[in-house]
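Asker: Letter by letter, the chains look like this.
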Amino acid sequence: LEIGATFSRFDDNWLTVLRNGMVEYAESIDGLTYQQEDASDDLAKQIDQVTNFVAQGVDAIIVNIVDTSAGAAITAAAGDTPLVFVNREPDNVNELPPTQAFVASNEIESGTLSAFEVCKNLRAEGKGNGARGYLMNGQLSNQAAVQRSKDVHDVIGMDMCNFMEIIDEAPANWSRDEAQDLMTNWMSSGEPFDFVLANNDEMAIGAIQAMKAAGMDMADVQVGGVDASQDALLVMAAGDYDVTVFQDSVGQGTGSIDAAIKLANGEKVDTKVYIPFVLVTPDNMNDFLDKN
Amino acid sequence: MADTSHGTGGLVFDKSKRSWPNELNIALALIIIIAIFEILGQVLPYMNGQSFLFDTRDRFDSVFNEARLKIIILQVAIIGIIAIGVTQVILTAGIDLSSGPLVAATAMIAMSFAQTELVNGNPNPKAVFGPWAMDLPVIIPVLAGLAFGAMIGAINGTFVAYFRIPPFIATLGMFLGCRGIALWWTSGNPVSFPTESYSFIGSGMMPVVWFLALAAIFHFILRYTVYGKHTYAIGSNEEAARMSGINVKRHKVMVYMIASMLAAFAGIVLSSKASTAQAGMGEFYELFAIAMAVIGGISLTGGRGSIIGTVLGAMVLGVIRSGFTYVKLDGSYQLMAMGSIIIAAVILDQYRQRNRA
Amino acid sequence: MADTSHGTGGLVFDKSKRSWPNELNIALALIIIIAIFEILGQVLPYMNGQSFLFDTRDRFDSVFNEARLKIIILQVAIIGIIAIGVTQVILTAGIDLSSGPLVAATAMIAMSFAQTELVNGNPNPKAVFGPWAMDLPVIIPVLAGLAFGAMIGAINGTFVAYFRIPPFIATLGMFLGCRGIALWWTSGNPVSFPTESYSFIGSGMMPVVWFLALAAIFHFILRYTVYGKHTYAIGSNEEAARMSGINVKRHKVMVYMIASMLAAFAGIVLSSKASTAQAGMGEFYELFAIAMAVIGGISLTGGRGSIIGTVLGAMVLGVIRSGFTYVKLDGSYQLMAMGSIIIAAVILDQYRQRNRA
Amino acid sequence: MSEEYVLETQDLTKHYGGVHALEGANFKMRKGEHVAIMGDNGAGKSTFVRQITGVEQRTRGKVWLYGEEVNFAGPLDAREAGIETVFQTLALADDLDVPDNLFLGREITKFDWLGPFRMLDYKAMREATIEGLNRTAVKIPNIRNSIRNMSGGQRQCVAIARTATFHSRLTIMDEPTAALGVQETAQVENIVRTLKEAGEPLILISHNMRQVFDLVDRIVVFRRGRMCADLDIKSGDYTGEDVVSYITGAKTGEEFMEHAL
Amino acid sequence: MSEEYVLETQDLTKHYGGVHALEGANFKMRKGEHVAIMGDNGAGKSTFVRQITGVEQRTRGKVWLYGEEVNFAGPLDAREAGIETVFQTLALADDLDVPDNLFLGREITKFDWLGPFRMLDYKAMREATIEGLNRTAVKIPNIRNSIRNMSGGQRQCVAIARTATFHSRLTIMDEPTAALGVQETAQVENIVRTLKEAGEPLILISHNMRQVFDLVDRIVVFRRGRMCADLDIKSGDYTGEDVVSYITGAKTGEEFMEHAL
Ligand SMILES: Nc1ncnc2c1ncn2[C@@H]1O[C@H](COP(=O)(O)OP(=O)(O)OP(=O)(O)O)[C@@H](O)[C@H]1O
Ligand SMILES: Nc1ncnc2c1ncn2[C@@H]1O[C@H](COP(=O)(O)OP(=O)(O)OP(=O)(O)O)[C@@H](O)[C@H]1O
Ligand SMILES: [Mg+2]
Ligand SMILES: [Mg+2]
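Chains as they are written, first to last, in my numbering: chain A, 1 to 292; chain B, 1001 to 1357; chain C, 2001 to 2357; chain D, 3001 to 3261; chain E, 4001 to 4261.
Okay, chain A solo, but in the shape it has when bound (with noise of 0.2 Å):
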């Protein structure tokens, strides 16, 4: 049995223990030849590289999809082989033909759960009739980045969290070393503020690296991000880091090529798996410690 996998991009943390969660799993099944691509980010290549695997014959394809919005594109490239969504929901997740089928989390939830989380911190605060903060964008072409800052956007929307305003927000790219220029920036103007929010861990780290290093006391500050990275984690457990959001990696990872083998031998499977995003405070990080 023969299965391929194609990433989105292989230098992204998360998804990098994704990976290596599969390859391990892949190599605890007997008979299957497991091998994994590279798209960089690239929607042309990853159509290409789905072409590529049909061209070879592989039995399953495992997609963690570039751009959501080209599910179609994806599913076509696929033609009979059988193909596996994993992490990211495809926009044609309700027109997926029977040999294909998607293992994700839905990323609405993921910016919502620690935006609305720190909202709540803010208030218990008592902060709750004006707070100002910053909020970094991941890479402002990237789906998931646009995604959490709408999200939190959505969150200081609400009725509960109007009392919540963004003094900028900016792109740091992910990035901890770019997140501890921007906030070594903001900090320059001087201007007080309350919280700061960010699309993944990285540029939460960077944030409170920058903070730190100009003195301030990381109690007064509320920092928000997602992923629930170890590198976080421990940040959490040094009581700098308040709030972020965990994804489960093994179950994604099993659960897509579990489905990839029974689609391969042409048993029935649940065509959508949704894996659920879980919050993480101080309170639970010892759960997580070594999960992601």
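A portion of the hints provided could be inaccurate.
Said to hold, decoys possible - Ranges between beta-carbon positions, derived for each pair:
(1) R3060/D / A1150/B: 54 to 60 Å
(2) N94/A / F2054/C: 56 to 62 Å
(3) E3131/D / F2220/C: 56 to 62 Å
(4) G128/A / S1197/B: 33 to 39 Å
(5) N3190/D / G4240/E: 50 to 56 Å
(6) M160/A / D2055/C: 44 to 50 Å
(7) Y1046/B / G239/A: 47 to 53 Å
(8) N94/A / L1069/B: 32 to 38 Å
(9) K2249/C / L1024/B: 24 to 30 Å
(10) H153/A / L2212/C: 39 to 45 Å
(11) E95/A / L1069/B: 28 to 34 Å
Please keep in mind that the hints were generated in silico from the structure rather than gathered at the bench.
Even glycine gets a Cβ: it sits at the ideal position worked out from N, Cα and C.
Could you slot chains B, C, D and E with the ligands onto chain A? The hints should help.
Answerer: Relative to the frame of chain A, chains B, C, D and E with the ligands by itself:
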């Protein structure tokens, strides 16, 4: 004894030793790379003697694995279209870094004039404009895209030719500018659900058809027209071209415009192929387009090379990519191996060229 | 009437009109950009008259907004270190595209020798090697990183000089190669939790210290040593340099090695600053390093420019970035504006240079 | 100004930064006249040519061609106005072959309605090239070889053939025979004589005294960026030695005394 | 082979693709001798020089320097073996100034233990440069200007000064006075005479018959890539016309008859 049919007398000129065209070296490199994959297929134990190019399923109608042949060229066709334009820019001793982001920006713009009103009976969820811009004839998005490309190219060319900005900087500025336009157009949201006629542009093997047709056209233009001759002359010695009375500035603007229009067209084909347009599209395309040209023997100092070379350079990249999938090379090694093979191909080319002299 | 102190007689030579150093133009561009932001701050209604460079909080100890001054240079210091090396490569009429991925690969490698055994009392969850590689003296990761850089540089240089691969292709190959190495080293997992002494390398304003110190050293070397003179000579006319008896090949290998070691050092500083190393680090650094050099007046055809120019070019980029945050420019406009400003800075430079002649 | 002059300059001046390469040149030449410009290395001869042909923009001064004031923005303008020039730097495109270089900027074409994409008539250009080169007596084994691979003299002959192939209202040659062999020099001198017979005016820059005395009507001497003598050699009043003493500064023409250094 | 010869070549041949630029040259020169190489444009003179100095790799043949067989990998080797050359293309770095070019590849330095990072002694080089240039009589208003901005003759003088400043076991000059004015030519000829007095051997390539007869002992003529005459002009047996007839192919030296075209 001297063959002087094209000379004015003088030394012995042995016509049989006429210079061996550069393109043959690259073709040779291509064949060697294919042979290596073929051999690897026989040698590697887990490949079960599968063949790279040939059909092992024992059919009557073809000895080749057609699916593989098609994908080899299909996957480089779009970047190849860009490379045709970049080749011309490089021939003038310039460089064009803006093509990757230009692909994205054009894709966004063209696609937003190519949307359908109804998707499976529901209103288009990604609609950019109101109903007036829905289900337009296909010519409109195409012209919009090409016009945008022409505009960017004109700006690039004007900066390079009239303001004497180094091409690297002028097009790096446009690189940032076009990425910005792509992001700003729909604030990062993808644009999807094109009309059927727009989808046709990039469907199936159409990208290959465009690529080869454009390559043929520009091969002819570069070789047999005044435009081509002046392009080479400028790259060879810009000062001499100017002193010989070529309107160097106007010509450069034209070259950059043509290059950007080709990149814009690549953006149209790409968005049609993917049925979506997204601001992050085309990342690193500019580098790979340049790489195709240089692997194909186009000299970055200008004046030397041909479109045939670029097409062969594109094929080299296509074969490498398919080959890696074929030998089941893991993604994390693919980059390393790709780097080595590109260098090896050029070494081979250099080596042959030197031995000839 | 002729001042012939440095000539051998002949025409009138009016010393007072000596050529105006290129670097002054860039400094001028820098000042103009700062002035524009300062004015924008006064003019834009939502800025409440905040100042860009000056302290509006009315303190005694400083009239400047020190935090801003620091971040302006801090945020370009790491790419600036790369730019010092790239400048030298460009002076020989070469180019180095591999520096971005090299930063990532070096960061991964160096960091994995710089890990601590215990993080908050727990064992390091990101440990790459066993306990033997924990809490090593800081010199070991630094040397490991520099050695790796030297190796990559030696390979780049060898390909360029001895195999005559065009620098664009040789270093593009290494670009892919280093990206591959970075991904392969820990199969994409980040490496974190460095020792305290390693963290010090990139802490606070240390990156700026490194950047300026290295810039000063290489400014001196390029201007006053044989190494520098030969670097310029090769870029100016490689054939002439060869005919004059310079060992061009050996020299080029040296230049590429120095450049890669500087990029490797940038990777060390970056990973120290971020306390983590990730395979995706340093994306586009090579382009920005080249841009700094070119904005600073280094000619891509080789032979002309200076490190001072590069430092000023870096400052231009730093001011632009801080300025955008300062005027709260929306992310999707930032790229467009950045592109325009870079081009404008170079136009200004070109304009002044031409008027001088 | 006056129509009787082919070329006239007034106060033509060029400074490069602090270097005063050309200073107040007042130059005149009549129809059909052949004039030589001589002078030391660095005297400003080529600078003078570059100002007239629009390769560079002058610091100040005026230029008239056939009585009409001209201000060329570039060499293209100059050529269109009828000035054909062999530059000292030759201005050849190294990667192109001989016919390409000969016809650079004025290719023989077919289907001209195609605008910039009109087609090249390679065959016609090749034939015209061989004819043109024969006039210079140079031997080139393979004219399809790129110019990069030509010897110094071969390159120079290509540049000369380029000028000699087209008719012009004024021909300028900057040291055309510097790199040429004995035979080729003789042939180029023949080309110059043919021009003289056809009544086409010529400015010849040369360091070769014999050649100058053989070919031209008048010698203008430059020294240190200034014109310092204007000698009608057909009158027979001047010998080679006289000219040398003007070049070296031992003598200065009367009308130029005021500027003497 | 024999130690009495400064330079000896046997069957030295260079083909560029199909172009046989140099074919079977057997060349010998004695100690202290000054030899001129003459020939039409494209006859192979510069090609001959490039093979001897290791600029290019020969197709076949052997070269001996002072009786020792040499096979230079590049011009650096040739210089280290004591050959100083003024190439026809001059080999100057356009962006560097005059002293930099003069000392390119053998800078005067301080703190030599610093290896490649040893420091340049700008002052010493500047002084030596002015001295070297004075020997060629060229006038350069500002030697700190980059070579790009020099006139044709100034460039050539820099290249000559570079060679003349250093002692050598064999000096080669490829058309050194082609672009030079009257005075500068005279000075360069003086430099050659000085070499003769010092007993330093020289190969001079020139198209100038007068110059050659004035300066050298022997003329070797190349035609169409082959040596076709070897004339001892000090014997007084040959006139300029004789040499021209060898160059044009009207005559061929007896010992070269077998190759005659
Ligand atoms: N672009 C430039 N910048 C600075 N100085 C220049 C420039 N071009 C020429 N010069 C200087 O101007 C002077 C005149 O140069 P020009 O080329 O006119 O001399 P020339 O008379 O043609 O000499 P030659 O006989 O050697 O060709 C020289 O001293 C030269 O160094
Ligand atoms: N790299 C090359 N490739 C092809 N042909 C070449 C190359 N170099 C020189 N040739 C040819 O070889 C022949 C000899 O050239 P060479 O430069 O030796 O001539 P030369 O005797 O020095 O002439 P000149 O007096 O004009 O300098 C010429 O026909 C030239 O075109
Ligand atoms: Mg001149
Ligand atoms: Mg020669």
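Asker: Each hint should be assessed against the structure and marked as holding or not.
Answerer: How the hints compare with the structure:
{"no.": "1", "hint": "R3060/D / A1150/B: 54 to 60 Å", "verdict": "41 Å, violated"}
{"no.": "2", "hint": "N94/A / F2054/C: 56 to 62 Å", "verdict": "58 Å, holds"}
{"no.": "3", "hint": "E3131/D / F2220/C: 56 to 62 Å", "verdict": "60 Å, holds"}
{"no.": "4", "hint": "G128/A / S1197/B: 33 to 39 Å", "verdict": "55 Å, violated"}
{"no.": "5", "hint": "N3190/D / G4240/E: 50 to 56 Å", "verdict": "20 Å, violated"}
{"no.": "6", "hint": "M160/A / D2055/C: 44 to 50 Å", "verdict": "38 Å, violated"}
{"no.": "7", "hint": "Y1046/B / G239/A: 47 to 53 Å", "verdict": "51 Å, holds"}
{"no.": "8", "hint": "N94/A / L1069/B: 32 to 38 Å", "verdict": "35 Å, holds"}
{"no.": "9", "hint": "K2249/C / L1024/B: 24 to 30 Å", "verdict": "27 Å, holds"}
{"no.": "10", "hint": "H153/A / L2212/C: 39 to 45 Å", "verdict": "41 Å, holds"}
{"no.": "11", "hint": "E95/A / L1069/B: 28 to 34 Å", "verdict": "31 Å, holds"}
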